[in-house]
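Enquirer: We have chain A; now place chain B onto it with these hints.
What follows is each chain in one-letter form.
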Amino acid sequence: MTVTTDLASYEDALATYDPVMGLEVHVELGTKTKMFCGCSTELGADANSQTCPVCLGLPGSLPVVNAIGVESAVKIGLALHCEIAEWCRFARKNYFYPDMPKNFQTSQYDEPIAFNGYLDVQLEDGEVFRVEIERAHMEEDTGKSTHVGGATGRIHGASHSLLDYNRAGIPLIEIVTKPIEGAGQRAPEVAKAYVAELRELIKALGVSEARMEMGQMRCDVNLSLRPHGTETFGTRSETKNVNSLRSVERAARYEIQRHAAVLSSGGTIVQETRHFHEEDGSTTAGRIKDNAEDYRYFPEPDLVPVAPAREWVEELRKGLPELPRVRRNRLREEWGVSEHDMQSILNAGAVDLIAATIEEGADAASARKWWMGELARSANESGRALDELAITPSQVARVTALVAAGDLNDKLARQVIDGVLKGEGDPDTVVEKRGLKVVSDEGALTAAVDEAIAANAAIADKIRSGKVAAAGALVGAVMKATRGQADAARVKELILQKLGVEG
Amino acid sequence: MTDMTDMTDSKSEIIRLTAAEIAAKIASGELTAVEVTEAHLARIEAVDEKVHAFLHVDREGALAQARAVDEKRASGEKLGPLAGVPLALKDIFTTMNMPTTVGSKILEGWVPPYDATLTKKLKDADVVILGKTNMDEFAMGSSTENSAYGPTGNPWDLTRIPGGSGGGSSASLASFEAPLAIGTDTGGSIRQPAAVTGTVGVKPTYGGVSRYGMVAFSSSLDQGGPCARTVLDAALLHEAIAGHDPMDSTSIDAPVPPVVEAARNGSVQGMRVGVVKQFRGEHYQAGVMQRFDESVELLKELGAQIVELDCPSFDLALSAYYLIAPSECSSNLARFDAMRYGLRVGDDGSKSAEDVTALTREAGFGDEVKRRIILGTYALSSGYYDAYYGSAQKVRTLITQDFEKAFEQVDVVVSPTTPTTAFPIGERADDPMAMYLADLCTIPTNLAGNAAMSLPCGLAPEDGLPVGLQIIAPAMKDDRLYRVGAAVEAAFVEKWGHPLLEEAPSL
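Sequence order for the protein chains is A and B. So in my numbering the end of the first sequence lands on 503, straight run, no missing numbers. So in my numbering the end of the second sequence lands on 1010, straight run, no missing numbers.
Keep in mind that the hints were calculated from the coordinates and are not lab data. Even for Gly, the Cβ is constructed at its ideal location relative to N, Cα and C. Honestly, I wouldn't trust all of these hints.
[Said to hold, decoys possible] A short list of chain A residues far from chain B (calculated; beta carbon distances all over 12 Å):
{"no.": "1", "residue": "Asp120"}
{"no.": "2", "residue": "Lys203"}
{"no.": "3", "residue": "Val262"}
{"no.": "4", "residue": "Leu346"}
{"no.": "5", "residue": "Gly349"}
[Said to hold, decoys possible] Among chain B residues calculated to face chain A with C-beta under 10 Å, some are:
{"no.": "6", "residue": "Ala527"}
{"no.": "7", "residue": "Trp613"}
{"no.": "8", "residue": "Tyr715"}
{"no.": "9", "residue": "Gly716"}
{"no.": "10", "residue": "Ala757"}
{"no.": "11", "residue": "Pro758"}
{"no.": "12", "residue": "Glu831"}
{"no.": "13", "residue": "Val848"}
{"no.": "14", "residue": "Asp851"}
{"no.": "15", "residue": "Glu857"}
{"no.": "16", "residue": "Ile877"}
{"no.": "17", "residue": "Leu878"}
{"no.": "18", "residue": "Gly879"}
[Said to hold, decoys possible] Straight line, CA to CA, 30 Å or less: simulated BS3-like cross-link-like pairs of lysine-lysine:
{"no.": "19", "chain 1": "A", "residue 1": "Lys144", "chain 2": "B", "residue 2": "Lys854"}
{"no.": "20", "chain 1": "A", "residue 1": "Lys289", "chain 2": "B", "residue 2": "Lys854"}
{"no.": "21", "chain 1": "A", "residue 1": "Lys93", "chain 2": "B", "residue 2": "Lys608"}
{"no.": "22", "chain 1": "A", "residue 1": "Lys369", "chain 2": "A", "residue 2": "Lys433"}
{"no.": "23", "chain 1": "B", "residue 1": "Lys581", "chain 2": "B", "residue 2": "Lys626"}
{"no.": "24", "chain 1": "A", "residue 1": "Lys93", "chain 2": "B", "residue 2": "Lys980"}
{"no.": "25", "chain 1": "A", "residue 1": "Lys289", "chain 2": "A", "residue 2": "Lys433"}
{"no.": "26", "chain 1": "A", "residue 1": "Lys144", "chain 2": "B", "residue 2": "Lys608"}
{"no.": "27", "chain 1": "A", "residue 1": "Lys93", "chain 2": "B", "residue 2": "Lys581"}
{"no.": "28", "chain 1": "A", "residue 1": "Lys289", "chain 2": "A", "residue 2": "Lys240"}
{"no.": "29", "chain 1": "A", "residue 1": "Lys467", "chain 2": "A", "residue 2": "Lys492"}
{"no.": "30", "chain 1": "B", "residue 1": "Lys575", "chain 2": "B", "residue 2": "Lys514"}
{"no.": "31", "chain 1": "A", "residue 1": "Lys411", "chain 2": "A", "residue 2": "Lys492"}
{"no.": "32", "chain 1": "A", "residue 1": "Lys289", "chain 2": "B", "residue 2": "Lys514"}
{"no.": "33", "chain 1": "A", "residue 1": "Lys422", "chain 2": "A", "residue 2": "Lys411"}
{"no.": "34", "chain 1": "B", "residue 1": "Lys980", "chain 2": "B", "residue 2": "Lys803"}
{"no.": "35", "chain 1": "A", "residue 1": "Lys32", "chain 2": "B", "residue 2": "Lys623"}
{"no.": "36", "chain 1": "A", "residue 1": "Lys369", "chain 2": "A", "residue 2": "Lys289"}
{"no.": "37", "chain 1": "A", "residue 1": "Lys93", "chain 2": "B", "residue 2": "Lys854"}
{"no.": "38", "chain 1": "B", "residue 1": "Lys998", "chain 2": "A", "residue 2": "Lys240"}
{"no.": "39", "chain 1": "B", "residue 1": "Lys998", "chain 2": "B", "residue 2": "Lys980"}
{"no.": "40", "chain 1": "A", "residue 1": "Lys498", "chain 2": "A", "residue 2": "Lys437"}
Pulled out of the complex, with its shape left as it was, chain A reads as follows (with noise of 0.2 Å):
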């Protein structure tokens, strides 16, 4: 493709306009069974293994509530400060695609579950920023389409789609916010922190495990622009399936950098769906949107209201979990990290990792050290999320107990952790296996201290002069001679005191 788009740059895009933003964010629920039948939600089984007549839409089925899904659903609404609907219904949002099985969705329409809340979400400086919650409602999901034949898997130029319906029916929690008003050039920012904040939010509750890269959770941004001292919203694009928190901030910048470049040539925004891509971080026209679209919503005859009863919800509103930004806070000032450690923390997805390894005994400043370090390098290199790497909080608790105790250092810590990723057991094991033990004979290490001595005989001097930062060289020497099996504090104590120096 050689479409090219002029953008405004980002500087000259606010100093003329001012973005609104609306994100729709849908989340599949973690229930054992699907929305509106039995069947399970189990990812990766063989395509349409997971299907009965009711997902299937088979003429003659009837849909019944999974009551696991409502009470999500409420959960969901309470964490936001939600209120929760005396009395919903679904309806039916029609509309014919291969992939949904009735050709229409059971989604709820003018009654929701939930509506009316917020989620205080906190940017990079530490500064609160408060996101409006219009509503949560609940919603099933379609299958999938996979289109063959083309040469970019959209239906555009395939020769046939296969259809896969395992998906269909599978529980989703849709969160629309109010229009996001007044964040300027923050917009982008907060359009990441809002999913961050609620992706955790999410994950704190248990309703969901909410992976992005999974398609559990999946972000619309919407996003107008106009121009400063006015109130009128502009005409707005729809950016569809922007799936992971990078790509929302990079989506709601490009769109605020096209959308003005549009606006100050004089040109006028199509209501659109946009693609997000994610290798240039650019937007191509989708859908054009007009007031034409029409579902024909109407409550789902085939089920009964939903009423959640006062005393459950209030039952629900006790058993909420404390809410990840609290939580954060008071971890925060328990570890004695600053707001942008914390941060980088957050995003790297090891707040409950380095809270559970503490947990399991380890100090704090160890625990963010392996969690932030080694082990995010190995996450990152690996392409996986730190919560998918082989182990655990409890392990990485043992490994820093290890060296606390002087029986491993840095180094050989690291080779257990490496061995503990490799599958060859538990640090003990590992340990075990590979001989890394730190070399405490002392007769050993006297040796090699004698010949390290020996053989840098000026470097000895200067620290018999003084000069006790120069033991840095003989305790290298000292490790590189036990192939660092050796504990480097009690090295350098045992290097000054044959050089009679004081440490």
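Expert: Okay, now just chain B, sitting in the frame of chain A:
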């Protein structure tokens, strides 16, 4: 059975027995279930070419079920109240061992991978399912002429309609092909066919019988129910198919009303019976009103107190129905898109899925179905929703309120079931409005969700064709239908000297 009896005679006797009698004779060993099934299969073979009540006859399946009943009896197992009784199943309920077409080309040859809850209940009750009966396509119609598989004749006069949409079920009863049948009633599809064939049909309270596995036309109105030749038989069948089903959220979680007990103890003594003034007027045939008025007199003689009622919203029922039912159907029938099951037209490898769907729906749906899909799609469109679907729902509320007020004053309401007797096949085929009028008296009950029965109240003097009396009861008071129905039936049979169907011509 004695060896003096000629086989043909015994068979013709068997098919005239009621379901209750058949069950008793099988239980006592006087008849075997296989004999009963064979007699009915023979009858179907003899007359169904003329009547065309069945779309599919499951000879082998029926005989296997019958043999199982006989084996159960032989091994000393206790048999249920309808064990071994044959039944004709409307082709709208899914059946794993038989095709389910809903009278439509779009589902021609489709054999469902699951049994409807009702189908399961029938099998569990050891009812012998003879086959699937003809119907207006997707239950849309009042004559069975809208079936994609050709019309069904009325056994009283084969050139006339047997009612609809359940014309196959009513005709199978009136032609003695089966003593029991299942129908579904969205706007009158059980009661109107019962009325024009001189049989009994009951629309239970909405939610009384599971809809799981019943192909949907209009979800908020559809209700399966029993069809029979006597009130007691209908009650026995009602009890077998009713009850809460966890697979149907709209099914009522409460005990089934005591319908059999009521049918065995018919009485109207001291009951207050309402007559609604809106159920009469220009659209009503004189002979129908004559028989209806006589029925009201009879109720008085039997000890009922007659109360005149005014239900003004009933005049709006037909209009509201023809917005709600098409709206729901436009959505319910969207799934027939050639992707997963049923007909597929134009799939030559060059066309898009969208084109194949369009071509399939064009070829697979009949005119009446298309008419209602278009009407419903329009009524639900944004900008029209409030004026059409929204207003219709308000009318529905008003009708429900009129019924509530009525039932503060009376125990049951009575009316003619349908304004006219059976009309000739073809007469209203090109006039949808005239066709829709057939459901004038039955539709308010569907909109309100309460229960109603039609039973024979005589022949219209001008054409000698059956007239139906409708009895309407409040929701979950289905037993009142049977208490009143049994009393009226007994009085009429006494008056006529025999059941009305004995006056039907032999086929």
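Enquirer: It remains to establish, for every hint, whether it holds in the given structure.
Expert: Okay, the hints, checked on the actual structure:
Interface exclusion of Asp120 of chain A from chain B stands, the closest Cβ pair being 35 Å apart, more than 12 Å. Residue-level check passed: Lys203 of chain A sits 31 Å from the nearest beta carbon of chain B, beyond 12 Å. No Cβ of chain B comes within 12 Å of the Cβ of Val262 of chain A; the nearest lies about 28 Å off, and the non-interface call holds. The beta carbon of Leu346 of chain A sits about 41 Å from the closest Cβ of chain B, which is more than 12 Å, so the claim that it is off the interface holds.
Annotated as non-interface, Gly349 of chain A keeps its C-beta farther than 12 Å from every C-beta of chain B; the closest such distance is 39 Å. Checking Ala527 of chain B against chain A: minimum C-beta separation of about 34 Å lies over 10 Å; hint violated. This hint holds: Trp613 of chain B has a C-beta 8 Å from the nearest C-beta of chain A, less than the 10 Å allowed. A distance limit of 10 Å between C-beta atoms decides the matter here; for Tyr715 of chain B the minimum to chain A is near 5 Å, and the interface restraint holds.
With a least beta-carbon distance of about 4 Å to chain A, the hint placing Gly716 of chain B at the interface is held under the 10 Å criterion. Checking Ala757 of chain B against chain A by beta carbon gives a least distance of about 14 Å; that is not within 10 Å, so the hint is violated. For Pro758 of chain B, the suggested interface contact is broken, since its CB lies about 19 Å from the closest CB of chain A, more than 10 Å. Given hint, Glu831 of chain B at the interface with chain A, holds; its Cβ is 6 Å from that chain's nearest Cβ, closer than 10 Å.
Annotation: Val848 of chain B was flagged as interfacial toward chain A, and the flag is violated, the nearest CB pair being 15 Å apart, outside 10 Å. The beta carbon of Asp851 of chain B is not positioned within 10 Å of any beta carbon in chain A (closest approach about 13 Å), and the interface hint is therefore violated. Residue-level restraint check for Glu857 of chain B holds (minimum Cβ-Cβ distance to chain A is 7 Å; threshold 10 Å). At its closest, the beta carbon of Ile877 of chain B sits 13 Å from a beta carbon of chain A; the interface hint therefore is violated under the 10 Å criterion.
A distance limit of 10 Å between C-beta atoms decides the matter here; for Leu878 of chain B the minimum to chain A is near 13 Å, and the interface restraint is violated. Checking Gly879 of chain B against chain A by beta carbon gives a least distance of about 9 Å; that is within 10 Å, so the hint holds. For the hint pairing Lys144 of chain A with Lys854 of chain B, the CA-to-CA distance comes to about 21 Å; that is within 30 Å, so the pair holds. Our distance criterion of 30 Å between C-alpha atoms is met by Lys289 of chain A and Lys854 of chain B, whose separation comes to about 25 Å.
Restraint check for Lys93 of chain A and Lys608 of chain B: satisfied, since their Cα atoms lie roughly 27 Å apart, inside the 30 Å limit. The straight-line distance between the Cα atoms of Lys369 of chain A and Lys433 of chain A is roughly 25 Å, inside the 30 Å bound, and the hint therefore holds. A distance of roughly 15 Å separates the Cα atoms of Lys581 of chain B and Lys626 of chain B; the hinted pair therefore holds under the 30 Å criterion. Of the supplied pair hints, the one linking Lys93 of chain A and Lys980 of chain B is violated, its CA atoms being roughly 36 Å apart against a limit of 30 Å.
Our distance criterion of 30 Å between C-alpha atoms is broken by Lys289 of chain A and Lys433 of chain A, whose separation comes to about 63 Å. For a cut-off of 30 Å, the pair hint linking Lys144 of chain A to Lys608 of chain B stands: about 29 Å separates their Cα positions. Taking the CA atoms of Lys93 of chain A and Lys581 of chain B, the gap is about 50 Å. The hint is violated against a cut of 30 Å. A C-alpha spacing of about 13 Å is found between Lys289 of chain A and Lys240 of chain A, which places the hinted pair at or below 30 Å, so the restraint holds.
Between Lys467 of chain A and Lys492 of chain A the alpha-carbon distance is near 13 Å, which keeps this suggested pair within the 30 Å criterion. Between the alpha carbons of Lys575 of chain B and Lys514 of chain B the distance comes to roughly 23 Å, so the proposed pair stays at or under 30 Å and holds. Our distance criterion of 30 Å between C-alpha atoms is met by Lys411 of chain A and Lys492 of chain A, whose separation comes to about 16 Å. A distance of roughly 68 Å separates the Cα atoms of Lys289 of chain A and Lys514 of chain B; the hinted pair therefore is violated under the 30 Å criterion.
Under the criterion of a C-alpha separation no larger than 30 Å, the hint pairing Lys422 of chain A with Lys411 of chain A is consistent with the structure, at around 17 Å. In summary, the hint linking Lys980 of chain B to Lys803 of chain B is supported, as the alpha carbons are separated by about 21 Å, within the 30 Å threshold. A hinted pair counts as satisfied when its Cα atoms are at most 30 Å apart, and Lys32 of chain A with Lys623 of chain B qualifies at roughly 27 Å. At roughly 49 Å between alpha-carbon atoms, Lys369 of chain A and Lys289 of chain A are farther apart than 30 Å, so this suggested pair is violated.
Between the alpha carbons of Lys93 of chain A and Lys854 of chain B the distance comes to roughly 26 Å, so the proposed pair stays at or under 30 Å and holds. For the given pair, Lys998 of chain B sits about 74 Å from Lys240 of chain A by alpha-carbon distance, which is inconsistent with the 30 Å threshold. At most 30 Å may separate the alpha-carbon atoms for a hinted pair to count; Lys998 of chain B and Lys980 of chain B meet this at roughly 28 Å. Proximity of Lys498 of chain A to Lys437 of chain A is assessed by CA-CA distance (about 24 Å); at most 30 Å being required, the pair is judged to hold.
Hint compliance for this structure: hints 6, 10, 11, 13, 14, 16, 17, 24, 25, 27, 32, 36 and 38 are broken, all remaining hints hold.
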